[in-house]
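Participant: Protein chains in written order, with this note's numbering: chain F, 1 to 993; chain B, 1001 to 1270.
Any given hint could be a false lead.
[As the list claims (entries may be wrong)] Incomplete in silico selection of chain B near chain F, CB under 10 Å:
{"#": "1", "residue": "K1053"}
{"#": "2", "residue": "P1124"}
{"#": "3", "residue": "G1155"}
{"#": "4", "residue": "Q1156"}
{"#": "5", "residue": "Q1157"}
{"#": "6", "residue": "P1158"}
{"#": "7", "residue": "A1183"}
{"#": "8", "residue": "N1184"}
{"#": "9", "residue": "R1186"}
{"#": "10", "residue": "D1249"}
{"#": "11", "residue": "P1253"}
It should be emphasised that the hints constitute simulated quantities derived from the structure, not laboratory data.
Just so we're clear, the structure is a prediction, and the values are computed from it rather than from any experiment.
Glycine included, every Cβ here is placed at the ideal spot set by N, Cα and C.
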Amino acid sequence: MKNKKYNWSAILLIAALVLAGSGSCTRDYDELELVSYPTTPEVFIDGFSAGLNYAAFGGSKVTAFDVDKEVKYQGSASMRFEVPDFEDPLGAYAGGTYFTTVGRDLSGYDALTFWAKASKSATIDLVGFGNDLGESKYLVSMQNVAVNTNWKKYIIPIPDPSRLKQEKGMFFYSEGPEDGLGYTFWIDEVKFEKLGTIAHRQPVILNGDDRVESAVNGLKFPVGGLGVSFNMPTGIDQTVNAAPAYFTFVSSNESVASVDATGLVSVLSEGTAVITATAGGTDAMGSLTVNSSGDFTHAPVPAEDQEDVISIFSNQYVNVPVDFYNGYWQPYQTTTSADFKVGDDDVLFYTNFNFVGIQFTSPTIDATTMTHLHMDVWIPNAVDPADKLAVKLVDMGPDGDLDGTDLTLVYEIAGPLASQSWISVDIPLSGLSSRSKLAQIILERLGSTLTGFYLDNVYLYGSGGGTPTVPTEAAPAPPARDPADVISLFSNAYTNNTVNSWSAEWDDSDVADLQISGDDVKKYTFTNFAGIDFSSDKFDASGMTHFHIDIWTPDDVMSKSLSIKNVDFGGGTAEATSHILTVVHTASGDIPALATGSWVSVDVPITAFTGDQTRSDLAQMVLSSNLSTLYVDNIYFYKSAGGTGTEPAAAAPTPTHAAASVISMFSGAYTNVTVDTWRTDWSAASYEEVTVAGDATKKYSALNFVGIETTSATIDATAMTHVHLDVWSADFTNFGVKLVDFGADGAYGGGDDVEHQLNYPSPARGVWVSYNIPLSDFAGLTTRGHLAQYILVGEPAGATTIWVDNIYFYDDGGTSATGPTAAAPTPPARSAANVVSIFSDAYTNITTDNFDAGWCEGAAVTQVSIAGNNTLKKNAGIVCHGIDFSTNRQNLSSFTHIHFDLYTDDTDLTGDVFNVKLVDFAGGASEASALEVNINTGTTPAIVAGTWVSVDIDITALGGIVTGNLTRSDVAQIGITTANLTNVWYDNIYLWK
Amino acid sequence: MKSNNVLFIRGVLFLAGIFILGGCENNSGLEDRTYQLVWQDEFDADGAPDESKWAFDLGAGGWGNNELQTYTNDAQNVVVAEGSLKITAINNGGSFSSARIRTQGKFDQAYGRFEARIKLPWGPGIWPAFWMLGADIETNPWPQSGEIDIMEYRGQQPNVIHGSVHGPGYSGGAAITKSYGYANNRFDVEYHVFAVEWGEDFIHYFVDDVLYQVIEPGDLTGEWVFDHPFFMILNVAVGGDYVGFPTSDTPFPQTMNVDYVRVYTEVNGK
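Only chain F is shown next, with the shape it has when bound in the complex (with noise of 0.2 Å):
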């Protein structure tokens, strides 16, 4: 060979610069540099070339290279690899470089090459040259070289030979265990060559891609996947990594970005800028153009001490350990991540984002005395209105592992998300029941053009560090109520019914009281139970519908437990009957879930409670729970007002026939026949005997359709004129009747029976429903001597559950003329977004919370039916009916027009008004302020009577009818107010526009 030649006159000349450097002489030092450098190629051939050292890598097993004298590939000896397996004692892999002292000039070859093979097939993490163990300027490396059990020749192409005139790094290797286990591979014939036959350079920057980055000013990143690609002599192409001393690097715009010679990109100002690099004279493929908006707005400086801080990422606090802040989940994610510094700012910068996951998992973060997850999040690039960031909080739960059983804490940052400027959001950490082994963010989008975002400040806090602390801040205030509907054992904001003792002595725990923000608390630190004793001033709680009491506790809940039992002397002196409510970790129906560090209303309708609910004679209260401490608040009883919304509050109206004049099956005002059953075999229904407010009542729940029966006595119903009943429901969409008359002979079949359904679509929901229905309308009820099944069916079939009370026939007598006969003007046909219908038949009503919200004791309307129109009937001695939809609030502001329909029969109309009042909130709780129309004679239009008066007035501006405040964008409940009108009906309550 040709190039095998040793350059000794250039050994010779180091020896004596070697010489001069150490002694006195002063000879001009440039007059040196001219000197050259040994050109030797070899590395190991059958051992060291001349001048070669070897050193292992930190962390390494140092004795996994040794000289074998058996393997070679020729000479002598190869050079022997042991990859140790994993975990090994000694190294957890095996890697080391070979270099020199002196540098040599490799200047005039183009590769390094060497043979080798394995102990089984394998790929080799690493090999290259350019180590020298100090600045490894020109460090070159080729990945996942696959090796086998044969001898195979390996090139690694030198990216630009006239970069190494003095290069001390030969050879270098790494390689870990392969699926956790060790071999051996062998390396022989290392050395540079000038073989000629690889071609066609191609430097690559950014694996060739032309990537656009967003940035800001003051951010710094290096420009990544450098390499040059070579044709090797088998036609095909290879990369090698190659440092970015090969390349010069350029910024189109200097100002903007500038670039170093070591692809160091230091953004400067706002504009654009593209970053190119030549090597060897070629230009690169590949390309960054960086995009600055401009000066980078640092994220608000936290303001939370460090010792009330977890933080996970922010230069504020001290940050726990984080296991990875981009776990790069494969294979869905696309997230990569960009992070940078900005001064002594450290951000954090997700790309291509779809989800990303941050980690903590050595240890676990236990939150328990923490109260909300704060992060900073900046968008860069504008992003959808609809779009949204939704940040998960992952426990790992009892069993310590991420798995199936982690709790989430799910919190979706709304949109619009603003585009260009720092989101701070605290999440509360309340809905999360254990956050005492917390292991992960996961951010995650909802929409598709939230590409990116920096994040800052990602920490939870609380009220302070280290142990359980007690709550900082009082329990929610009650709301102001009737004394009448509350009966308190303790709370600040009502008048409290004596307590013997808050910690009996017949329990096993102790009680402490204290003041949170001015407000009394219990705190209970619990053993198993504590008793809470009132023997002395035991009360009569039937009349309340629900109980409610706050509790607060630092304790983790998981699988932790708090039991309430109500205990009732039934007119004794010790326990009779009692009922329980347990809380636990989990929220289930009325009751809500434990929750570490937040107070948690328990206000639940005292059916939540198992057990015997008698309340008459309630003497004592038991708390048992598993928790060691547990803050207390706001113990009481209360009756909720014109319903809860899912049962009748109030009994049904008491009905006002004759009893002369009344054939009844069921009432409390009347004698009633006999009914052979409530519920027929045939009945598609579940059937209960209720008490609704001391009135008993029929319960049908899961109702499709009822049969009830008098066969045994058959009614004769031919001198009356309607059938009265009066209908509960919070979920009915239609209501039938069927009356069935066996006819003569008195007995089903004999071809004599008759029979006819009415129909009530879309009844109201929530209030009581008064049906007198002429007999009449029952057309195909040509007979009524032996009225014998009276069918009720509720839609939706079987999952319907009214409440039905005074269900009786009358006779009139004539005395119904009063009232309309006609129905209501039906509204015009309008666009469903044109109209917000709070009551009418002509269009789809909105959902209330409460269609009768009891403010004046008692339901204040009831439903009648006025030519098959539905129509609402003032309740006689009521005067004023509230609506209230304070969870379906209507923004009102672009409706022009309210509507509503009255009749009135009174004779004497003197003083007679009627009011519609919307209330509007302001986001509030409460009412901020109300638009009122008012009605009376005087006004145009008028209260007249024994017609229909139709009330459509333009709301847009006060004036006339219109009074108040025009504020209508948060409206929550609508009142309708009457004053010395004695009967009113009223229809089609609307706004439109």
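We have chain F; now place chain B onto it with these hints.
Facilitator: Frame of chain F, contents of chain B only:
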């Protein structure tokens, strides 16, 4: 006509049997010959190849060798630009297009010097060639009509070219052939001149004026059929029996650059 239409060739030493020539000693053992240029295409006019000189072979079907490409006359596959003819093989997602042009019916000649200056493409499965077929091939079926391959090359071996003749009894895999290669250079980096000098009883093969193969009637295993006019062909095939198939590592597109094609006749006694 160019003024230097007379070329004086100094013969070079023939180094028989050496596969790879590392040396460069120039010491001719051959008698001097004097050639006169009679046909040329310098590829100086941009656009499609000169119709007066070249015809296209079009289509697919493997061309007798299971080749993969479809030959077209599209400019993306064959064009004259920047002073050279460019024949480019393109990978259209697993199907390949390329080009093949010939002087059949436009120019043919018996004997003389046939040369082309070419920079070759590269990559496994790339098979460019500069070669000749007997002009009577349509009436005198191959291999009786004869074939002279001035240069063939396999893209997976970019430092070696091959010269061959095919005739009756020595065609296909039994062709008379020799290879010429570089120890430390390749044919796809710079231009090289590939030539044959052909007389009544010899064919001499040259790369850059280095003689690497002499074929005489006695070297053949069959009849000497190189006694009538031949036409020239330039093409880049993809895949096929000769070269093997391209791999996922084969870089595409691949272009053969031809600076010129020149044909001379020997001028005796001058």
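Participant: Evaluate each hint against the coordinates.
Facilitator: Here is what the structure says about each hint:
1. K1053: violated, 31 Å
2. P1124: holds, 5 Å
3. G1155: Nearest chain F Cβ about 5 Å off; hint holds.
4. Q1156: holds, 4 Å
5. Q1157: Q1157 of chain B check passes; min Cβ-Cβ to chain F is 7 Å, inside 10 Å.
6. P1158: holds, 6 Å
7. A1183: With Cβ-Cβ at 7 Å, under 10 Å, it holds.
8. N1184: holds, 3 Å
9. R1186: Result: holds, 5 Å to nearest chain F Cβ.
10. D1249: holds, 4 Å
11. P1253: violated, 13 Å
Going down the numbered hints, you'll see the structure goes against 1, 11, while the others check out.
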